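Number of protein chains: 2
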Amino acid sequence: MRIKAVIEYDGGNYAGWQEQFGKSTIQGELQRALLDLTGQNIILHASGRTDAGVSAKNQVVHFDIDTNLKMYNLMMALNMRLPDDIRIKKMEQVSADFHARYSAKKKIYTYRMYASSIESPLRRKTHLQVWPNLDFNLMQEACRYFVGTHDFIGFSHQNPQIVSTIRTIYSCEMLKRDDDIIIKICGNGFLHNMVRIICGTILKVGQRKIKLSDLPDIINSKDRKRAGQTLPAFALTLENIEY
Amino acid sequence: MRIKAVIEYDGGNYAGWQEQFGKSTIQGELQRALLDLTGQNIILHASGRTDAGVSAKNQVVHFDIDTNLKMYNLMMALNMRLPDDIRIKKMEQVSADFHARYSAKKKIYTYRMYASSIESPLRRKTHLQVWPNLDFNLMQEACRYFVGTHDFIGFSHQNPQIVSTIRTIYSCEMLKRDDDIIIKICGNGFLHNMVRIICGTILKVGQRKIKLSDLPDIINSKDRKRAGQTLPAFALTLENIEY
Numbered sequence: 001m002r003i004k005a006v007i008e009y010d011g012g013n014y015a016g017w018q019e020q021f022g023k024s025t026i027q028g029e030l031q032r033a034l035l036d037l038t039g040q041n042i043i044l045h046a047s048g049r050t051d052a053g054v055s056a057k058n059q060v061v062h063f064d065i066d067t068n069l070k071m072y073n074l075m076m077a078l079n080m081r082l083p084d085d086i087r088i089k090k091m092e093q094v095s096a097d098f099h100a101r102y103s104a105k106k107k108i109y110t111y112r113m114y115a116s117s118i119e120s121p122l123r124r125k126t127h128l129q130v131w132p133n134l135d136f137n138l139m140q141e142a143c144r145y146f147v148g149t150h151d152f153i154g155f156s157h158q159n160p161q162i163v164s165t166i167r168t169i170y171s172c173e174m175l176k177r178d179d180d181i182i183i184k185i186c187g188n189g190f191l192h193n194m195v196r197i198i199c200g201t202i203l204k205v206g207q208r209k210i211k212l213s214d215l216p217d218i219i220n221s222k223d224r225k226r227a228g229q230t231l232p233a234f235a236l237t238l239e240n241i242e243y
Numbered sequence: 001m002r003i004k005a006v007i008e009y010d011g012g013n014y015a016g017w018q019e020q021f022g023k024s025t026i027q028g029e030l031q032r033a034l035l036d037l038t039g040q041n042i043i044l045h046a047s048g049r050t051d052a053g054v055s056a057k058n059q060v061v062h063f064d065i066d067t068n069l070k071m072y073n074l075m076m077a078l079n080m081r082l083p084d085d086i087r088i089k090k091m092e093q094v095s096a097d098f099h100a101r102y103s104a105k106k107k108i109y110t111y112r113m114y115a116s117s118i119e120s121p122l123r124r125k126t127h128l129q130v131w132p133n134l135d136f137n138l139m140q141e142a143c144r145y146f147v148g149t150h151d152f153i154g155f156s157h158q159n160p161q162i163v164s165t166i167r168t169i170y171s172c173e174m175l176k177r178d179d180d181i182i183i184k185i186c187g188n189g190f191l192h193n194m195v196r197i198i199c200g201t202i203l204k205v206g207q208r209k210i211k212l213s214d215l216p217d218i219i220n221s222k223d224r225k226r227a228g229q230t231l232p233a234f235a236l237t238l239e240n241i242e243y
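Residue numbers (our numbering), protein chains in the order written: chain G, 1 to 243; chain U, 1 to 243.
Hint data in this document are derived by calculation from the structure and do not stem from the laboratory. Please note that the accuracy of each hint is not assured.
Same chains, same names: a pair is fine if it fits in one copy or spans any two.
No farther apart than 25 Å at their CA atoms in a straight line, the calculated lysine-lysine pairs in the BS3-like style are these [what the hints assert, rightly or not]: (1) 176 - 89; (2) 90 - 176; (3) 89 - 4; (4) 176 - 57; (5) 225 - 176; (6) 184 - 125; (7) 211 - 106; (8) 90 - 222.
Every value quoted in this text rests on a predicted model; they were computed, and no experiment measured them.
Modelling step: build the complete structure from the supplied sequences, incorporating the hints.
Structure below.
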């Protein structure tokens with residue numbers, strides 16, 4: 001029986017999604033809970049890996065399991081076995097051809113910043129502090145340049161296993177309220193570090209270190225060195241996966 | 001020279017605002033930073049104490065100091081000496097008759113909850129989890145009953161030092177978005193635990209354990225036992241003080 005589950009986690013204490021020997025990971029914690037409950041070594045398949053420190057509001061996974069437990073009871077029994085920074089929010093049986101990664105149509109990420117010369121105690125674990133002398137209009141305009149189908153190899157941490165580095169961004173927008181900045185980006189998939197590098201590039205436009213008019217060239221150049229820096233992981237959240 | 005300062009803090013690691021022997025407090029940390037920088041034992045006066053675990057976005061304090069430092073440099077030098085969960089956001093010289101507590105005209109607090117049968121890892125340190133079978137309309141109506149001038153002794157933790165237990169609430173409203181609930185309350189002052197008990201009473205109305213029509217009676221009874229429970233401190237934030 002194939003199960004789809006929606007997971008929320010605070011990535012702050014973990015070495016990312018993927019199981020790694022000797023490290024605490026989200027996948028590792030979930031598989032340990034499944035083993036503890038069922039006695040079965042069950043492998044989870046996520047919509048995609050999240051890096052160390054990245055959080056998720058609605059990560060989606062699938063797994064195959066033999067069980068007589070009702071779905072809600074299975075979910076609650078697993079939640080009891082999980083640390084308080086990981087919870088399964090929904091669980092449902094799906095057809096055998098559902099795949100958390102390959103069936104995904106859209107993925108939505110948010111990146112959080114605040115523009116202030118003074119650190120914010122209440123946002124220090126969720127938002128990146130950036131210097132306030134930014135041109136926010138330029139940043140908002142920069143977002144539009146990433147929308148569409150592009151080869152994003154210059155906006156990724158190289159991974160020789162990847163067959164294609166072409167991805168489609170459906171929307172990219174920057175919301176600003178007081179000194180809070182949220183960049184929300186929706187695409188059919190993202191290369192490793194791609195969201196963090198796109199946000200680093202948008203930030204550099206706001207700092208007037210990259211010109212808006214140079215963005216098409218920077219994207220087309222496929223040159224990692226011309227894009228902005230990889231922003232820190234802790235301010236990135238995987239919001240939703242659409243199927 | 002009298003200085004007014006605006007402070008943001010994450011109260012999670014502290015035994016509250018007020019200095020206590022052998023305990024880590026916000027006032028204690030700030031006074032230690034002032035002593036370290038100036039060599040002077042300077043006493044801070046806050047708009048009001050916050051309890052253990054309560055956070056503040058804009059707590060206001062005043063203090064008297066002899067210094068030749070410019071205001072911005074003094075603020076930055078103090079911030080360098082503070083832990084990362086306390087920051088001074090603004091500092092300005094004020095007239096000698098300004099008093100953080102007695103000059104305050106309005107205080108605004110928020111209380112955060114989420115209505116779900118499953119814990120939320122991303123909100124576990126900022127929002128109280130409440131069971132979702134609530135009548136949100138009743139809760140929104142309940143808020144209105146607290147607006148006005150009342151003797152709130154029944155909504156307070158007894159303090160024999162307090163001369164008057166009459167306070168005026170200017171506004172009380174509940175904002176709901178998805179499963180997020182925020183109660184925002186503005187008044188000329190609050191008794192000890194008053195916001196947390198008012199929110200506990202609003203929650204009990206939502207749980208249909210207190211009738212809307214009984215609220216005036218409960219307030220007039222001045223009987224602590226008839227009001228709702230004192231909700232936990234960690235989900236309470238002091239938002240703003242108006243002068």
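Verification of the hints:
no.: 1; hint: 176 - 89; result: between (29 Å within a copy, 20 Å between copies)
no.: 2; hint: 90 - 176; result: between (31 Å within a copy, 22 Å between copies)
no.: 3; hint: 89 - 4; result: within (11 Å within a copy, 45 Å between copies)
no.: 4; hint: 176 - 57; result: both (21 Å within a copy, 18 Å between copies)
no.: 5; hint: 225 - 176; result: neither (28 Å within a copy, 45 Å between copies)
no.: 6; hint: 184 - 125; result: both (18 Å within a copy, 24 Å between copies)
no.: 7; hint: 211 - 106; result: neither (29 Å within a copy, 46 Å between copies)
no.: 8; hint: 90 - 222; result: neither (39 Å within a copy, 44 Å between copies)
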